[in-house]
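From first to last, the protein sequence lines are chains C, Z and G.
Per the numbering used here, the very first residue in the first sequence carries number 514; after that it's consecutive.
Per the numbering used here, the very first residue in the second sequence carries number 446; after that it's consecutive.
Per the numbering used here, the very first residue in the third sequence carries number 11; after that it's consecutive.
I should point out that these hints are in silico values taken from the structure, not numbers from a laboratory.
Keep in mind the model is a prediction, meaning the values are calculated, not measured.
Glycine included, every Cβ here is placed at the ideal spot set by N, Cα and C.
Take these hints with a grain of salt, some might be off.
[Unchecked claim] Facing chain Z, according to a computed beta carbon distance under 7 angstroms, are these residues of chain G, among others:
(1) 91
(2) 92
(3) 189
(4) 193
(5) 194
(6) 201
(7) 214
(8) 215
[Unchecked claim] In silico SDA-like pairs for lysine to any residue, Cα to Cα no more than 25 angstroms straight-line:
(9) G:14 - Z:582
(10) Z:594 - G:140
(11) G:14 - Z:584
(12) Z:508 - G:272
(13) G:119 - Z:528
(14) G:329 - Z:507
(15) G:15 - Z:635
(16) G:14 - Z:583
(17) Z:594 - G:272
(18) G:15 - Z:534
(19) Z:508 - G:204
(20) Z:543 - G:194
(21) G:119 - C:683
(22) G:329 - Z:508
(23) G:329 - Z:582
(24) G:142 - C:775
(25) G:119 - Z:507
(26) G:142 - C:776
(27) Z:508 - C:789
(28) G:119 - C:629
(29) G:119 - C:678
(30) Z:508 - G:221
(31) G:14 - Z:507
(32) Z:508 - G:207
(33) Z:543 - G:221
(34) C:629 - G:296
[Stated by the list, open to error] Chain Z regions said to be covered by chain G (calculated; three or more residues, Cβ under 8 angstroms):
(35) 460 to 469
(36) 512 to 521
(37) 534 to 545
(38) 551 to 558
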Amino acid sequence: MWAQNLLNGLTSGWLYILVALGLTLVLSIVGIVQLAHGEVYMVGAYVVYFFCVVAGLNFFPALLISIVSVALLGVLLERFFLRPFRSDMEGAIITTLALILILQTGIITIAGPGYKDIPSPVEGVLTILGARLSWERLMTIMVGVVLVIALLLFIGKTKVGQAMVAVSEDRDAAALVGINVNKISSVAMFLGCGLAAAAGGMTGPIFNLTPFMGGFALTKGIEVIILGGLGSIPGAIIGGLILGLVEGLITPLVSIQVANIVGLVVIVLILLFRPQGLMGHE
Amino acid sequence: MTKYFGGLAAVDRLDFDVQEGELVGLIGPNGAGKTTVFNLITGFLRPTGGKIIFNEKDVTNRKPHSVAASGIVRTFQATNLFGNFTVFESIVAACYLKSTVGFWGAFLHTPGSRRDRVRIEERALDITRFVGLESMRDQRARNLAYGHKRVLGMALSLAADPQLLLLDEPLSGMNAGEVDSAIALIRRIFERGTAILLIEHNMRAAMSLCQRIVVLQMGRKISVGSPDEVRADKRVIQAYLGTGKHVA
Amino acid sequence: MNRKKSTRAASLGALLLVLLVLPLFVTQPYLIHILIMIGINVLLATSLRFIATSGQLSLAHAGMMSVGAYTSALLVMKGGLSVWIAMPLAGIAAMILAVLVGFPFVRLKGIYFTMVTLFLSEFIRLIAQQWKGLTGGPSGILDIPRPGAIAIPGLFNVDFASKADYYYFILILVLVCLLLLYALESSRIGMTLSSVRQSDSLAESLGMDAAGFRVLAFGIGCFFAGVSGAFYVHYLSAANPDSFGFLLSTYVLMYMVVGGMRRFSGPIIGAVILTIVPEVAGGLREYEPFVFAAILLLIIFFLRDGVVSLPERIRRAKKEAATRLESKA
Numbered sequence: 514m515w516a517q518n519l520l521n522g523l524t525s526g527w528l529y530i531l532v533a534l535g536l537t538l539v540l541s542i543v544g545i546v547q548l549a550h551g552e553v554y555m556v557g558a559y560v561v562y563f564f565c566v567v568a569g570l571n572f573f574p575a576l577l578i579s580i581v582s583v584a585l586l587g588v589l590l591e592r593f594f595l596r597p598f599r600s601d602m603e604g605a606i607i608t609t610l611a612l613i614l615i616l617q618t619g620i621i622t623i624a625g626p627g628y629k630d631i632p633s634p635v636e637g638v639l640t641i642l643g644a645r646l647s648w649e650r651l652m653t654i655m656v657g658v659v660l661v662i663a664l665l666l667f668i669g670k671t672k673v674g675q676a677m678v679a680v681s682e683d684r685d686a687a688a689l690v691g692i693n694v695n696k697i698s699s700v701a702m703f704l705g706c707g708l709a710a711a712a713g714g715m716t717g718p719i720f721n722l723t724p725f726m727g728g729f730a731l732t733k734g735i736e737v738i739i740l741g742g743l744g745s746i747p748g749a750i751i752g753g754l755i756l757g758l759v760e761g762l763i764t765p766l767v768s769i770q771v772a773n774i775v776g777l778v779v780i781v782l783i784l785l786f787r788p789q790g791l792m793g794h795e
Numbered sequence: 446m447t448k449y450f451g452g453l454a455a456v457d458r459l460d461f462d463v464q465e466g467e468l469v470g471l472i473g474p475n476g477a478g479k480t481t482v483f484n485l486i487t488g489f490l491r492p493t494g495g496k497i498i499f500n501e502k503d504v505t506n507r508k509p510h511s512v513a514a515s516g517i518v519r520t521f522q523a524t525n526l527f528g529n530f531t532v533f534e535s536i537v538a539a540c541y542l543k544s545t546v547g548f549w550g551a552f553l554h555t556p557g558s559r560r561d562r563v564r565i566e567e568r569a570l571d572i573t574r575f576v577g578l579e580s581m582r583d584q585r586a587r588n589l590a591y592g593h594k595r596v597l598g599m600a601l602s603l604a605a606d607p608q609l610l611l612l613d614e615p616l617s618g619m620n621a622g623e624v625d626s627a628i629a630l631i632r633r634i635f636e637r638g639t640a641i642l643l644i645e646h647n648m649r650a651a652m653s654l655c656q657r658i659v660v661l662q663m664g665r666k667i668s669v670g671s672p673d674e675v676r677a678d679k680r681v682i683q684a685y686l687g688t689g690k691h692v693a
Numbered sequence: 011m012n013r014k015k016s017t018r019a020a021s022l023g024a025l026l027l028v029l030l031v032l033p034l035f036v037t038q039p040y041l042i043h044i045l046i047m048i049g050i051n052v053l054l055a056t057s058l059r060f061i062a063t064s065g066q067l068s069l070a071h072a073g074m075m076s077v078g079a080y081t082s083a084l085l086v087m088k089g090g091l092s093v094w095i096a097m098p099l100a101g102i103a104a105m106i107l108a109v110l111v112g113f114p115f116v117r118l119k120g121i122y123f124t125m126v127t128l129f130l131s132e133f134i135r136l137i138a139q140q141w142k143g144l145t146g147g148p149s150g151i152l153d154i155p156r157p158g159a160i161a162i163p164g165l166f167n168v169d170f171a172s173k174a175d176y177y178y179f180i181l182i183l184v185l186v187c188l189l190l191l192y193a194l195e196s197s198r199i200g201m202t203l204s205s206v207r208q209s210d211s212l213a214e215s216l217g218m219d220a221a222g223f224r225v226l227a228f229g230i231g232c233f234f235a236g237v238s239g240a241f242y243v244h245y246l247s248a249a250n251p252d253s254f255g256f257l258l259s260t261y262v263l264m265y266m267v268v269g270g271m272r273r274f275s276g277p278i279i280g281a282v283i284l285t286i287v288p289e290v291a292g293g294l295r296e297y298e299p300f301v302f303a304a305i306l307l308l309i310i311f312f313l314r315d316g317v318v319s320l321p322e323r324i325r326r327a328k329k330e331a332a333t334r335l336e337s338k339a
């Protein structure tokens with residue numbers, strides 16, 4: 514029984530990690546708190562729904578299409594809606610709020626406000642030592658791990674990845690050494706939105722889709738990056754795992770709402786007393 | 446006082462004093478910790494060790510606004526102004542400590558608050574004239590020329606009526622003419638009885654203004670004395686020569 | 011200068027007169043309801059701006075409304091107090107909460123303060139949803155009593171049976187609150203808040219307690235949010251956690267930014283425009299968020315300082331055009 518909770522916790526954890534990584538990439542490289550990140554996640558889920566359920570494609574191609582198309586959408590959004598407000602926090606809040614409204618209402622208009630379901634691409638359970646672990650969740654975790662490893666390799670081993678690190682540490686210095694900050698911002702947005710779309714797409718088979726699922730993802734993403742430290746990728750990974758595991762193991766004992774409330778309180782306390790999170794530097 | 450950042454001592458067991466009505470200079474090569482000293486004195490940073498005593502009171506761990514209220518006011522190295530206010534409005538705002546009207550008086554716009562306003566505005570006008578900015582009193586602070594912005598910064602600190610004024614490189618970025626009038630202004634402030642602690646890289650100004658000079662290098666006091674004494678001190682010459690500068 | 015002041019006073023007086031006699035001409039309950047909602051939104055937006063004068067954007071207004079709403083409802087229904095006493099107390103309850111969390115919160119800069127106010131609002135909503143014993147849970151509290159009748163024998167008897175009564179109530183309430191907020195802002199307190207907003211380090215170096223003033227602004231702004239919430243539930247006679255969600259906080263922020271944050275009248279104009287627009291959109295209700303988003307983007311890209319800055323922009327554009335013509339001539 515607890516093995517199942519553990520698995521659920523790990524699954525949520527890796528989904529949170531994907532969302533949080535996207536959010537932290539945009540935050541530290543584009544320089545904006547992308548409040549519409551949850552909506553990007555939601556759109557990612559719906560694109561998979563359309564290609565999978567409506568158009569009849571297989572799940573994995575649909576997921577790939579979603580990741581790429583939403584990533585490209587993100588690049589457009591960054592170019593026209595986010596870049597002008599890099600140093601204007603109030604303006605950035607307003608534009609991202611406008612984007613939330615547009616994306617959410619857009620999906621409601623196209624798909625309606627009700628719940629949607631994406632059938633699971635893998636059925637069945639793996640039985641180990643008496644525990645029944647759903648393949649669906651195991652697959653989600655595996656895809657999540659693969660994506661994160663790919664991201665880490667990209668950042669660590671490629672020139673663009675290194676440039677991203679430079680921009681996240683000091684944008685002006687990076688520009689001075691010849692890095693095209695705008696191009697790097699686009700890349701960061703591409704990756705960040707792609708990760709969010711991946712998370713959204715993989716959420717589909719496990720939970721229901723609604724046009725309002727973005728807010729939840731954003732909250733969790735913010736909780737993870739505050740916990741792990743703003744701008745820290747290892748922090749996002751560890752933070753996501755901690756949050757997911759704690760939720761997976763605690764929620765069955767209390768109710769999900771109480772878990773949410775406690776989560777909020779912990780995050781606020783961290784912001785107030787250890788704002789650099791677990792792994793951030795301040 | 447001592448201040449450690451991580452493992453690095455930005456200020457290392459520094460010990461000096463400023464007497465009433467004195468004009469003391471604080472000089473040293475870049476990175477010597479001079480602005481850190483200002484931050485420590487005025488409560489923007491907490492010392493890792495040591496104490497700051499002012500008028501026989503321990504002001505060490507006080508918040509900046511509390512230190513200002515005790516009579517120590519600082520200026521900033523980088524331009525730091527109330528950009529949207531006009532020159533006059535900025536100085537009126539900076540007279541905060543001289544205003545006697547409390548919350549309710551201000552809120553209810555009592556006759557007392559109106560009298561206070563008139564009094565403060567007169568004082569602000571005096572200060573505007575004293576620093577030579579009355580011809581641009583209605584210009585927005587952010588639209589001022591750089592040199593005038595620095596002068597406005599000094600005017601704001603004067604508005605708070607300090608007993609000890611900490612000037613952080615007031616002359617930086619000024620052209621020759623502006624430097625001369627700023628030096629004259631500093632002298633006028635000093636002659637009115639305000640004690641001044643002056644950080645400056647402009648050696649000619651520092652030597653001509655200061656009665657006493659404290660020299661810092663890497664957070665430590667390496668020399669103290671009159672301008673002539675300090676100028677001739679081998680350790681000081683070494684400190685500056687080492688970084689390619691020379692003492693004027 | 012004096013002529014400008016007297017024309018302004020005259021136009022405000024005329025506006026006041028129009029507002030006072032409006033219910034005589036506008037009798038449809040639906041339209042009066044819109045006017046009442048405009049009143050509430052004006053109060054919300056102006057009080058949010060008061061917080062913003064200290065340099066911090068709050069997304070906690072929905073939560074503070076909620077605190078005011080439930081406090082007032084409970085004080086009346088369980089405590090037996092009159093609505094007239096409960097409402098100001100409800101505002102005070104919101105203010106006390108704001109001051110308590112304010113002290114740690116104002117230490118956070120910029121977007122982090124905004125985030126933490128968002129979390130606070132969400133926290134309040136979840137508590138209201140979960141604490142069935144106190145707040146009635148997700149279904150909330152119903153049958154909240156109307157304000158007690160006021161009667162001056164021979165003159166009038168106001169028993170809040172008709173919407174027009176609520177209209178006059180909110181009109182007077184908003185006028186009084188706006189007066190209070192304006193008095194604060196035009197005093198040395200307002201000047202100090204503005205100083206803190208422009209540079210908190212400079213303000214501190216000159217003796218101003220930046221954190222303290224930010225808490226003051228936050229507390230006062232949330233007081234009026236609480237009062238708005240209390241009025242709201244006595245008007246609708248129902249309180250419900252979902253009425254006070256994230257969307258409401260963002261709407262209030264929008265009223266403020268669209269109207270313009272630089273002037274006192276900005277949020278008022280923003281609230282009026284953005285309360286009326288969805289009603290005019292009428293049949294296109296599902297597209298209301300699109301319209302809002304479009305307005306937001308238009309303002310933020312082309313009229314950054316809000317609708318209220320339009321006259322000045324036009325004046326400046328005319329001046330530039332005139333000087334360009336001169337140099338060509």
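Evaluation of the provided hints:
1. 91: violated (26 angstroms)
2. 92: Violated - the Cβ of residue 92 (chain G) stays beyond 7 angstroms from chain Z, reaching only about 27 angstroms at its closest.
3. 189: violated (11 angstroms)
4. 193: Since the shortest Cβ distance to chain Z is 6 angstroms, the answer is holds.
5. 194: Holds - the Cβ of residue 194 (chain G) comes within 7 angstroms of chain Z, reaching about 6 angstroms at its closest.
6. 201: holds (5 angstroms)
7. 214: Nearest chain Z Cβ about 4 angstroms off; hint holds.
8. 215: holds (5 angstroms)
9. G:14 - Z:582: Within the cut-off at roughly 23 angstroms; holds.
10. Z:594 - G:140: violated (56 angstroms)
11. G:14 - Z:584: holds (22 angstroms)
12. Z:508 - G:272: violated (30 angstroms)
13. G:119 - Z:528: holds (19 angstroms)
14. G:329 - Z:507: It is violated: about 51 angstroms lies between the C-alpha atoms, which goes past 25 angstroms.
15. G:15 - Z:635: Between residue 15 (chain G) and residue 635 (chain Z) the Cα gap is close to 44 angstroms, so the pair fails against 25 angstroms, i.e. violated.
16. G:14 - Z:583: holds (19 angstroms)
17. Z:594 - G:272: holds (23 angstroms)
18. G:15 - Z:534: OK: residue 15 (chain G) and residue 534 (chain Z) at ~21 angstroms, within 25 angstroms.
19. Z:508 - G:204: holds (20 angstroms)
20. Z:543 - G:194: holds (19 angstroms)
21. G:119 - C:683: holds (19 angstroms)
22. G:329 - Z:508: Not OK: residue 329 (chain G) and residue 508 (chain Z) at ~47 angstroms, beyond 25 angstroms, violated.
23. G:329 - Z:582: Holds, at roughly 23 angstroms.
24. G:142 - C:775: holds (18 angstroms)
25. G:119 - Z:507: Roughly 21 angstroms between the alpha carbons, so the hint for residue 119 (chain G) and residue 507 (chain Z) holds.
26. G:142 - C:776: Between residue 142 (chain G) and residue 776 (chain C) the Cα gap is close to 20 angstroms, so the pair holds against 25 angstroms.
27. Z:508 - C:789: Distance ~23 angstroms between residue 508 (chain Z) and residue 789 (chain C) Cα, so the pair holds.
28. G:119 - C:629: Status violated; Cα separation ~40 angstroms.
29. G:119 - C:678: Given pair residue 119 (chain G), residue 678 (chain C) holds - Cα atoms ~24 angstroms apart, limit 25 angstroms.
30. Z:508 - G:221: The hint holds at about 10 angstroms.
31. G:14 - Z:507: The hint is violated at about 47 angstroms.
32. Z:508 - G:207: holds (18 angstroms)
33. Z:543 - G:221: Satisfied, since the Cα-Cα distance of roughly 20 angstroms is no more than 25 angstroms.
34. C:629 - G:296: holds (19 angstroms)
35. 460 to 469: With 0 residues in contact (Cβ-Cβ under 8 angstroms with chain G), the coverage given for the segment 460 to 469 of chain Z is violated.
36. 512 to 521: holds (count 6)
37. 534 to 545: holds (count 7)
38. 551 to 558: Satisfied; 5 residues make the cut.
Taken one by one, the earlier hints fail for this structure at numbers 1, 2, 3, 10, 12, 14, 15, 22, 28, 31 and 35, listed in ascending order.
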